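Student: Spelled out, the chains give:
2 protein chains.
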Amino acid sequence: MLSNTCKYAIRALIYLGKFSENGEKIGIKKIAGDLDIPTPFLGKILQNLVKQKILSSTKGPNGGFGLGKPAEEISLYDIVKTIDGEDFFKNCLISLEPCSTNHANGKPCAVHGRFSEVRNELMEFYSQTSIAKIIGDMKGHEELIKL
Amino acid sequence: MLSNTCKYAIRALIYLGKFSENGEKIGIKKIAGDLDIPTPFLGKILQNLVKQKILSSTKGPNGGFGLGKPAEEISLYDIVKTIDGEDFFKNCLISLEPCSTNHANGKPCAVHGRFSEVRNELMEFYSQTSIAKIIGDMKGHEELIKL
DNA sequence: CAAAAATAATACTAAAAAGTATTTATTTGA
DNA sequence: TCAAATAAATACTTTTTAGTATTATTTTTG
Chain A
1 MLSNTCKYAI RALIYLGKFS ENGEKIGIKK IAGDLDIPTP FLGKILQNLV
51 KQKILSSTKG PNGGFGLGKP AEEISLYDIV KTIDGEDFFK NCLISLEPCS
101 TNHANGKPCA VHGRFSEVRN ELMEFYSQTS IAKIIGDMKG HEELIKL
Chain B
1 MLSNTCKYAI RALIYLGKFS ENGEKIGIKK IAGDLDIPTP FLGKILQNLV
51 KQKILSSTKG PNGGFGLGKP AEEISLYDIV KTIDGEDFFK NCLISLEPCS
101 TNHANGKPCA VHGRFSEVRN ELMEFYSQTS IAKIIGDMKG HEELIKL
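Here the protein sequences come in this chain order: A and B. Take 1 as the starting number for the first sequence in the UniProt record's numbering and just add one per residue. Take 1 as the starting number for the second sequence in the UniProt record's numbering and just add one per residue.
In case anyone wonders, no lab produced these hints; they're calculated from the structure. Here the structure is a predicted model, which means the values were calculated and not measured.
Copies of one chain are not kept apart here, so a pair can be met inside one copy or by any two copies together.
Cut-off 27 Å, straight-line C-alpha distance, at most; resulting in silico cross-link-like pairs (DSSO-like, lysine-lysine):
(1) Lys44 x Lys25
(2) Lys30 x Lys107
(3) Lys133 x Lys90
(4) Lys107 x Lys133
(5) Lys18 x Lys51
(6) Lys29 x Lys107
(7) Lys139 x Lys107
(8) Lys107 x Lys146
(9) Lys139 x Lys90
(10) Lys107 x Lys18
(11) Lys90 x Lys146
(12) Lys146 x Lys69
(13) Lys30 x Lys44
Produce the entire structure from the sequences given, and follow the hints as far as they go.
Tutor: Set out below in structure tokens:
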């Protein structure tokens, strides 16, 4: 499962993709208030995303946060990789150590084969799902969908 | 991702399914040593599984742990549910609160629809994969597979 | 029946994740 | 140019997860 930090990040990115039109910034208090996330905690998270160029930010009056690149180019995979690390996708299901696919370097675990199909679908889901697609899904059902 | 506790539990169950023939018990020191898990920590975990009747145990000399039911009847789903809780499967991907499927009671989140397919496959995987099947997969490749 | 071998139970410590508080730096606009 | 508004940085606290240590209980066997 995703960490709280990561969930907050994804929701903030969807929010920004949806409400920050052409480069205009939204202040962290508004974002945190609307999404019901502790403000300073969200601050820390977004600062991290700014460093990774996924977000951009400006200080001072009328400052705030906005997407750092087109919403089409931000996938859930990018976000999870940045926050929870690539291990989230690569870790072995039942062991603390990584699990190799082939027997040459290291052994796979006992469920490696069975799990790999689902893992591939997961990877597919995370890398194919962009902020833009998510926002597209919401079009027309805004008030029916939880943010 | 599964908790360490849960990973340890799964590996111990595979181990017991594989090495404890017809009801004979294996001591916790041997299990923990072979699987490289801290002994007292594994003890706590296995005691929990005994309470849930997934394992059985006997004290005293020649005592130890063994499966509490046929390996065919123990699925990964059962184990994860017992250790990490059913929330592991039901939780919303991007929110801390649960996420309803229909709009009648509560709103689904913005990725609910897209994620539900993968989630179903995950559920399928966890509930269809039994300890018996995993052991079956290992047959003939024991020394090539990590436990 | 006593001693030894094992699990069971309980209480404690350490590390990581989540969250809070405070201070600093930057930008804008009056 | 100064004050206000904002993000950035840093340090701290709380909660949860992971792991350790100790003691009690049960069972077998000499």
